Amino acid sequence: MQFDAEAQRALDTAASLGAQYADARFGESRDEHIEVRNGLVSAISDSDSAGFSVRALVDGAWGFASSATVTNEEIDRVAKLAVDIARASAKVKGQGISLLPVGSFTDTYKTPFEIDPASVTLNDRVSHLLAAEREVSAVKGITVGRAWMDIWRTKKSFASTDGSRIEQELLQCGSALHALAVGESDVQDRMFPGTGGLYQTGGYEIIKKANLLENARRIGEEAVALLTAEQCPSGTMDLILSGDQVSLQIHESIGHALELDRVLGWEANFSGTSFATLDKLGTFRYGSEHVNVVCDMTCPLALATYKYDDEGTPAKSVYLIRDGKLVGYMAGRDTAQVAGVEPGGCVRAEYWGRLPMIRIGNVNLEPGSVPFENLFDDVKQGIYMESNRSWSIDDKRLNFQFGCQIGYEIKDGKKGKILKNPTYAGMTPTFWRSCDAIGNAASWVPWGTPNCGKGEPLQTARSCQGAAPTRFRGVEVGVGYEH
Amino acid sequence: MSINAMLDRGELEAIVNQALQSSKADETEVLISAGDESLTRYTHNFIHESVSERNCHLNVRAVIGKKTGVASTNKLDAAGISDVVQRAFDIARLSTEDKNFPGLPGPSEGVVDLPDAFDADTATAAPEVRASSVLEITKVMRLHNLYAAGYVATRHDCVGVANSKGVKRFFESSDSAINIKAIGSNSSGYAEGFARAFGELDAAVLAERAAKKAIDSKDPVALDPGKYTVVLEPPAVREFLGYLSWIGFGAQPFEEGSSFMSGRIGQKIVGDNVTIRDDFAHPLGDGIPFDFEGVPRQKVGLIENGIARSVVYDSYYAAKLGHANTGHALPAPNPDGPMPLNVVLDPGAREQQDIIKDIKHGVLVSRTWYIRLVDQKKTIITGMTRDGVFLIERGHITRGLKNMRFNESIIDALGRCEVAAMPVRSENLVVPAVRIDDFHFSSGTEF
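These protein sequence lines are chains Y and L, in that order. In terms of this note's numbering, the first sequence is numbered consecutively and its last residue is 483. In terms of this note's numbering, the second sequence is numbered consecutively and its last residue is 1447.
If we strip away everything but chain L, and leave its shape as in the complex, we get:
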C-alpha cells in the first residue's frame, strides 16, 4: 500500500477483488471509498484550524437468499478484509428475509465518462496553497476594514463498486471550495465558490463580493414581518431544493404517501416556469456517473414545466414498484431509500439584476440558515436569513435589513416565482437565483 500517496486504482481494485473472492455469500457487493480531504479554516482574518485527513472505507453487503447484512471497516490489510467479509456474512445469516429484495443488480452498459472530474493539482494541493488563498481573502478584508471567517478546501476522492454478478465501476475525482463571510461592525456578507479544479476559483473576487455585501448592508434596519417579494440567491435556493430532495424526490416517501409528489405524477404542482431535474453530468456539478450499487446513474426529470414527472429509484424500489432503476442508490444499508444527489433547477431568461429592476418593494436574501421542516406534506419550512439581507425599492438595492425568520411552503412558493438565468454550483446542486412573490417573513431578530 502506498504511503506517500493515497491508494491508487490498482490497490483499491485489489482490495475489492480480495473481498469478493473471500465471500461465501450467495451474492456480494463491495463499495470502497478512499479520500484525502484538506480544509483550512479562518476567522478574524487568521487561520485557526487547518486539517488533513486520509482514510479509506470498505463496505461489504452479503446476500444469502433474501437476507442481507452489511459490515464496513477501514482496516484494509488481509485480516481486516477477511474479517469484514465474514461479519457481513454472519449478519446476513442471522437477518430476516425481505421478500421484496430483488438481488444485487447485474452489469449494464451506459456509464458516462466525466473527463473533467479530476484535477491533479487540486488533488495534491499543499497546505501553503490554501493558506495563500486565505491570505488573499484577508488582504481584501483589511482594505475594507472588515474581517472574514470561512474556509478553503481541496479534496481527492476515489470510489469503486463491484459485485459478484460482474458489476465493476471506478471513479476518481477532485473538488474544491471557498467559503467567505465578511464581517463588519454590524453587518455581514457571504460568498462561496465550488469547482472540481481549484484553479477555477478566484479567492480575491469572491472576497470582494462578500465584502461588498457587508459594506452595503451596514447599519441594517428592521423590516416588519409580512409578505414580501423576495429574491433568493443561489445559496438560499440550494437549501430549499435540498429539502425537496430529502422529503419528496425519492421513491420511499413517494410510496409511503408522505411526499408532495405522491399521487400527483402528471399533475401541475408548481409554476410552469419551473423545471427541476437530477443531472449527475451537469458541467458545473460534482456528480458520480454511477450509484452506490454500481448502476449507471440516469438523468431524471423530477418536475418539468411545473408538472410532477418522476421520483428517483434504486434497485430495491424499482423492483418493488415496477419502475426502471434510475441509478440513485445510496450506500447500503440504506433504510431511507434512494435520493437525488445532483439536483439542477433549470435557468430562466432574465438575469438576477434585471429581475430586481422590476421589484417595487422587496427583499434580497443572500443566504439562509437553520432551515427545518415544519410540515412535510405541505412542504412548510422555517428558517432564518443570514449574511446579507437587503431592501429593494423601485428596482434598486437601497439598504441592509436585519435578519428575519420565514415560514413558507416550498411547493407553494415555486408556484409564484420567476427563475433567473445564470445558474451556479452551490454545494452539490446547480441553481440560479429565484424571485418569489408573497414570501412570508414571520419575525425578526436583533442583528
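Looking at chain Y on its own, in the form it has when it is part of the complex:
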C-alpha cells in the first residue's frame, strides 16, 4: 500500500503512547471545476489537496488530528496529538466509546469508468458547456444562462491497528445547466438534469449522458414561461413528484433521520436529532407498504459507492425501511455498538483532514411497478412537481416544507398547465404513509447530492438517493405565500 511505512509509523506511535485502537488515513484529491455564464468562462479551477490523519481511541474517548505535511516528524506530532486529544476527552467521557469488530482487510478498489476525463481536453470540456449554455441563453427572456461540470478524483489509503490495509481510488463526475429568468417583480429558474445536475460515480460518460444541449432550449423556455404562469394553488391535493424531487425528499426525511449518530444525539446542537428513536426499530410504520428503502453502498453509478468506508468497514446493502416498517439505521463501529445494529460501511470524511462520521450513503427508494405516465391515471385533481428549489425540515426531521422549480396541474388524469412556485408541506411519517404508487425501474435514477452538510467542523459529503417519480395522496400544497 502506498504510505504503508508512514501509516505503520503513525499507528505504532499512537499505540506506544497508549491508544487501544488507532487508524491512519492518507488521502489525495484532485477537483476540477468548469463553469460558464452568459457566453463566458466564469470559472476554471484545478485544485489538489493531500495529507493524512490519525484517529486514536484512548480510555474510551476519541482523539483526531490531521496535517498536510507528510514527514516522520509530523507523523509523530500528529499521532501524539491525537492521543493527547483523546486523553483530554477521556476526562469527560461518559460511558466510554467502544468499537464493534468488523474484521481486517487487505484490499484495493477503483471506481469503474468508461471514459477517462483526462482524455478529454479542456477545450472540449469548455465547448461542451458553452454549447449548452448558448442554447439556454438564446431563449428570449433569459437573463442568465449557466452550465458547469465537476470531476473529482480521490485516492485513499487506510490502515488500522486491527490490521487493515485498504487502498481505493474513486472517480465522480457531474454536470448541470441553469436558466434564470428575471421579470419585473419575479425571478424564476430551471435547472437540469434534476435539482442540481447529474452527479454519479464514473468517468466523463456521466457528463456526456446528462444531455445538457438536448434539453437546454426546453429549460430556458420553461424558466421564461414560469414568469407569467399561474401561482400554484393552495389546498390539500394529490401530489406526484419527479424522481429527482423524491430523491431530495428521501435525503431529508429518511436519510438524515436514519443516521444513527443523529438518533443517539451526537449531532444534537447542529444538524439535529431524529424522531426515529431506537424504540421504534422493527415496529414503527414509517411509510406505506409500497415504501422500501435500502442503503446500498455497492450500488453501481451511485455517488457514494466504494468498497470500504473510512473506518475500514466493507460497503454493504442494508434495508432501512421494509414494506413501510423501520428496520435499520446507517451506523458506524462506535454507534452500532450502542444500538445493537450492524455497521453498513457508511462512515466517511469529506477529505483526509476531517474526522470520519456517519454520512447518508446511497439511500434508495426501490422502484415500483407503475410506468411514469400511469401515475397520473388515478388523479382527479392534483399537482405534478418537478425539481427542487427550496427545502426545509425541523431538527428532528418531522415538519418539512419543500418548494419545486415547476409544477403542472393534474386534472382527471391529465397533466395540464404550468404552475409557478409550487410548494408542499407535511410531517414525515404521515407523508410517506400517503405514498400509494412508485414509478417503475425504467424511470428510476440514482440521483446524486454532491453537497450535503453535517458535522462540526462542517463537512460536505456526496450522497445518492435513487428514486423514481412517486405519487402521494392528500398533501398540503401551495404553502409559503399565504402571508
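Keep in mind the hints are simulated off the structure, nothing from the lab. Do not take every clue at face value.
Below are the SDA-like pairs computed for lysine to any residue, each with C-alpha atoms no more than 20 angstroms apart in a straight line [said to hold, decoys possible]:
| no. | chain 1 | residue 1 | chain 2 | residue 2 |
| --- | --- | --- | --- | --- |
| 1 | L | K1168 | L | A1117 |
| 2 | L | K1168 | L | D1113 |
| 3 | L | K1320 | Y | A43 |
| 4 | Y | K396 | L | N1186 |
| 5 | Y | K307 | Y | D162 |
| 6 | L | K1139 | L | D1202 |
| 7 | Y | K325 | Y | G282 |
| 8 | L | K1168 | L | D1157 |
| 9 | Y | K91 | L | E1128 |
| 10 | L | K1099 | Y | T143 |
| 11 | L | K1066 | Y | N38 |
| 12 | L | K1075 | L | H1057 |
| 13 | L | K1378 | Y | T143 |
| 14 | L | K1075 | Y | E6 |
| 15 | L | K1066 | Y | A43 |
| 16 | Y | K110 | Y | R30 |
| 17 | Y | K411 | Y | G474 |
| 18 | Y | K396 | L | L1223 |
| 19 | L | K1402 | L | D1438 |
| 20 | L | K1075 | Y | R77 |
| 21 | Y | K396 | L | T1445 |
| 22 | Y | K325 | Y | F284 |
| 23 | Y | K380 | Y | G474 |
| 24 | L | K1139 | Y | Q95 |
| 25 | L | K1067 | Y | L40 |
| 26 | L | K1268 | Y | S185 |
| 27 | L | K1320 | L | T1096 |
| 28 | L | K1075 | Y | R30 |
| 29 | L | K1066 | Y | L40 |
| 30 | L | K1066 | Y | G39 |
| 31 | L | K1165 | L | D1026 |
| 32 | L | K1402 | L | E1446 |
| 33 | L | K1378 | Y | Q231 |
| 34 | L | K1099 | Y | A43 |
Here are a few chain Y residues that face chain L, going by a calculated C-beta distance under 10 angstroms [claimed, not checked]:
| no. | residue |
| --- | --- |
| 35 | H33 |
| 36 | A50 |
| 37 | F64 |
| 38 | L130 |
| 39 | G183 |
| 40 | V187 |
If you're wondering where the values come from, they're calculated on a predicted model, not measured in any experiment. For every residue, glycine included, the Cβ atom is placed at its ideal position computed from N, Cα and C.
For chain Y, the structure is supplied; the task is to place chain L on it using the hints.
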C-alpha cells in the same frame, strides 16, 4: 518549514514569492491561507469528538491577456509550488477571453490595522483547555438535571495575498467559539459565544443561559399558526441577515436584477429605524482588513435608515458597472460575485427586555433552523424555530412553546420592526435582537 508550529509569516511570504517569481503569466495573483483549527464536540455531557487540523492552501490565479485560470494546492514544496503555478498558466492559456476582465488590482493604501485580531493563547490552546470548558458546561448541566450538546473551538489563521503588480498583504488572527444546547426531557435552550480571544468567553455563564432557557421552556404547548409579534434573538437575526447578504447585497445579483436592491438604490425598502452595513473593523467582529484580491476592505452602508444605498463590489464588478471597488472579492475563481462578510445591524435604543415589556401577546425566538429561500425577489424564507421558543403575555415570558415553522419576507419584516440595543457577535455578523410585528407562523411540529 516549521513542524511544531504553524507556518509563520516569513515562511508563507517565501512560498508566495516563489510562486510569483516562477509564473510566466502576464499577471499573477497568489493567495495563501494557513490554519490550525481545533474543535471539541460534546453531547449527553461527554466529549464524543475532538479534532485538530493543520493545513495550508496556495491559490494561484494566472492572467494571460483577458483570460484567467486558477489552480490550488496544499503541496508547498518547490515541486508543488511550481506545479500549481504551471497548472494555473495552462488553464489560462486554454480559457476564453472575458472582455470585462479589468486585470488584477494594483497596490493601494488604506489597509486598516486590526491590532486585537490575534491572541496567542487562543492560537495555541491545548486540547485540555477546550476539555476544561466542556467540563464546566457539563457541571452546570448536572446541577440542573439537564444534558448539553455543543462544541468549544479555537483556531489560528494566517492569510496572505500578493500579485505581480505589487500588492502584498498579510494578516494573522485567532478566533474561538462556544456553542451550547441544553436539553431537558421535553425542552431545550441555546447559548453561543464568539471572540477572537478565548479568555473573553465564559463557558459557565453561557451554560447557565442555555440551561435557563431549557428549564423555562419545559412542558411546551402548541401555539396555533398565525401572525404574531415576535422577538428574534441575535442567532435568529443573524440567519435572516445572512440570507440578505447572499441573495442581494452583492453586485452580481444586483446587476442581474434578481436582488431586492436592484433598481431601488435611493429608495426606502425597509423601516427607517433599520441601518445595515458591512464593517470589517467592528470591534466585536472577525473581519479581515483586505479582500481576497488584496484590496483594502471598505466599510459600506448597505441600507441606511431604511434606504437602499449600495451593494458591495470587487474589481471585476467595479470595472463592469463603473463603481468604486469596495474590496469585497471572494477567492478566485468566483462565479458568484462579491459578497459582504461582516454585516452589522446597527442597534436601536431599547434593550431586549424593555421591548418585551411592551408586548401583550407574542413569541420570543432564541434560534432558527434550516432556513431556505422560497422566493428570491420577495425575499420570502421558510424555516423552523429551535432551542427555546417562549410565549410572551402582557410583557412577560410565561411559558415554553413547541417549535413552529415560519414563512416570512425578510424585507417586509424589516419594515415593521424595532431593533434592540446591545448587539453581539453571532458567527461573522454583529446583530442585536429584533422585534417584528405580524410575523407569520404557518405550522407547528411535535416538540
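Each hint tested on the structure:
1. A distance of roughly 19 angstroms separates the Cα atoms of K1168/L and A1117/L; the hinted pair therefore holds under the 20 angstroms criterion.
2. Of the supplied pair hints, the one linking K1168/L and D1113/L holds, its CA atoms being roughly 14 angstroms apart against a limit of 20 angstroms.
3. Only pairs whose Cα atoms come within 20 angstroms are accepted, and K1320/L paired with A43/Y is accepted, the gap being roughly 17 angstroms.
4. Straight-line distance between C-alpha atoms of K396/Y and N1186/L comes to about 13 angstroms, which keeps the hinted pair within the 20 angstroms bound.
5. In summary, the hint linking K307/Y to D162/Y is supported, as the alpha carbons are separated by about 18 angstroms, within the 20 angstroms threshold.
6. Our distance criterion of 20 angstroms between C-alpha atoms is met by K1139/L and D1202/L, whose separation comes to about 14 angstroms.
7. At most 20 angstroms may separate the alpha-carbon atoms for a hinted pair to count; K325/Y and G282/Y meet this at roughly 7 angstroms.
8. Between the alpha carbons of K1168/L and D1157/L the distance comes to roughly 17 angstroms, so the proposed pair stays at or under 20 angstroms and holds.
9. Restraint check: the Cα-Cα separation between K91/Y and E1128/L comes to about 9 angstroms, which is no more than 20 angstroms; the hinted pair holds.
10. Restraint check for K1099/L and T143/Y: satisfied, since their Cα atoms lie roughly 19 angstroms apart, inside the 20 angstroms limit.
11. For the hint linking K1066/L to N38/Y, the alpha-carbon distance of about 16 angstroms falls within 20 angstroms, and the restraint holds.
12. Proximity of K1075/L to H1057/L is assessed by CA-CA distance (about 8 angstroms); at most 20 angstroms being required, the pair is judged to hold.
13. Straight-line distance between C-alpha atoms of K1378/L and T143/Y comes to about 18 angstroms, which keeps the hinted pair within the 20 angstroms bound.
14. Distance restraint check for K1075/L and E6/Y: the Cα-Cα separation of roughly 17 angstroms lies within the 20 angstroms cut-off, and the hinted pair is therefore satisfied.
15. Between K1066/L and A43/Y the CA atoms are separated by roughly 13 angstroms; this keeps the pair inside 20 angstroms, and the hint holds.
16. About 15 angstroms separates the Cα atoms of K110/Y and R30/Y, which keeps this hinted pair within 20 angstroms; it holds.
17. For a cut-off of 20 angstroms, the pair hint linking K411/Y to G474/Y stands: about 15 angstroms separates their Cα positions.
18. The hinted pair formed by K396/Y and L1223/L meets the criterion: a straight-line CA distance of about 19 angstroms does not exceed 20 angstroms.
19. About 19 angstroms separates the Cα atoms of K1402/L and D1438/L, which keeps this hinted pair within 20 angstroms; it holds.
20. About 19 angstroms separates the Cα atoms of K1075/L and R77/Y, which keeps this hinted pair within 20 angstroms; it holds.
21. Only pairs whose Cα atoms come within 20 angstroms are accepted, and K396/Y paired with T1445/L is accepted, the gap being roughly 9 angstroms.
22. At roughly 6 angstroms between alpha-carbon atoms, K325/Y and F284/Y fall within 20 angstroms of each other, so this suggested pair holds.
23. Distance restraint check for K380/Y and G474/Y: the Cα-Cα separation of roughly 12 angstroms lies within the 20 angstroms cut-off, and the hinted pair is therefore satisfied.
24. Straight-line distance between C-alpha atoms of K1139/L and Q95/Y comes to about 16 angstroms, which keeps the hinted pair within the 20 angstroms bound.
25. With a C-alpha separation of about 10 angstroms, the suggested pair K1067/L and L40/Y falls inside the 20 angstroms cut-off, and the hint holds.
26. Under the criterion of a C-alpha separation no larger than 20 angstroms, the hint pairing K1268/L with S185/Y is consistent with the structure, at around 17 angstroms.
27. Under the criterion of a C-alpha separation no larger than 20 angstroms, the hint pairing K1320/L with T1096/L is consistent with the structure, at around 18 angstroms.
28. Taking the CA atoms of K1075/L and R30/Y, the gap is near 12 angstroms; set against the 20 angstroms cutoff, the hint holds.
29. Using a Cα cut-off of 20 angstroms, the hinted pair K1066/L and L40/Y holds, with the two alpha carbons roughly 11 angstroms apart.
30. For a cut-off of 20 angstroms, the pair hint linking K1066/L to G39/Y stands: about 14 angstroms separates their Cα positions.
31. Under the criterion of a C-alpha separation no larger than 20 angstroms, the hint pairing K1165/L with D1026/L is consistent with the structure, at around 10 angstroms.
32. Distance restraint check for K1402/L and E1446/L: the Cα-Cα separation of roughly 7 angstroms lies within the 20 angstroms cut-off, and the hinted pair is therefore satisfied.
33. At most 20 angstroms may separate the alpha-carbon atoms for a hinted pair to count; K1378/L and Q231/Y meet this at roughly 14 angstroms.
34. This hinted pair checks out: K1099/L and A43/Y have alpha carbons roughly 15 angstroms apart, not beyond 20 angstroms.
35. Here the hint on H33/Y is kept, as its CB sits about 8 angstroms from the closest CB of chain L, short of 10 angstroms.
36. Annotation: interface hint on A50/Y holds; nearest CB of chain L at approximately 6 angstroms, less than 10 angstroms.
37. Hint status for F64/Y: holds, given a least beta-carbon distance of 4 angstroms to chain L, under 10 angstroms.
38. Taking 10 angstroms as the C-beta cut-off, the interface hint given for L130/Y holds, the closest approach to chain L being about 8 angstroms.
39. Against a cut-off of 10 angstroms between C-beta atoms, the interface hint on G183/Y holds, since the closest Cβ of chain L lies about 8 angstroms away.
40. For V187/Y, the suggested interface contact is upheld, since its CB lies about 5 angstroms from the closest CB of chain L, less than 10 angstroms.
Of the numbered hints listed earlier, not one is contradicted by the structure.
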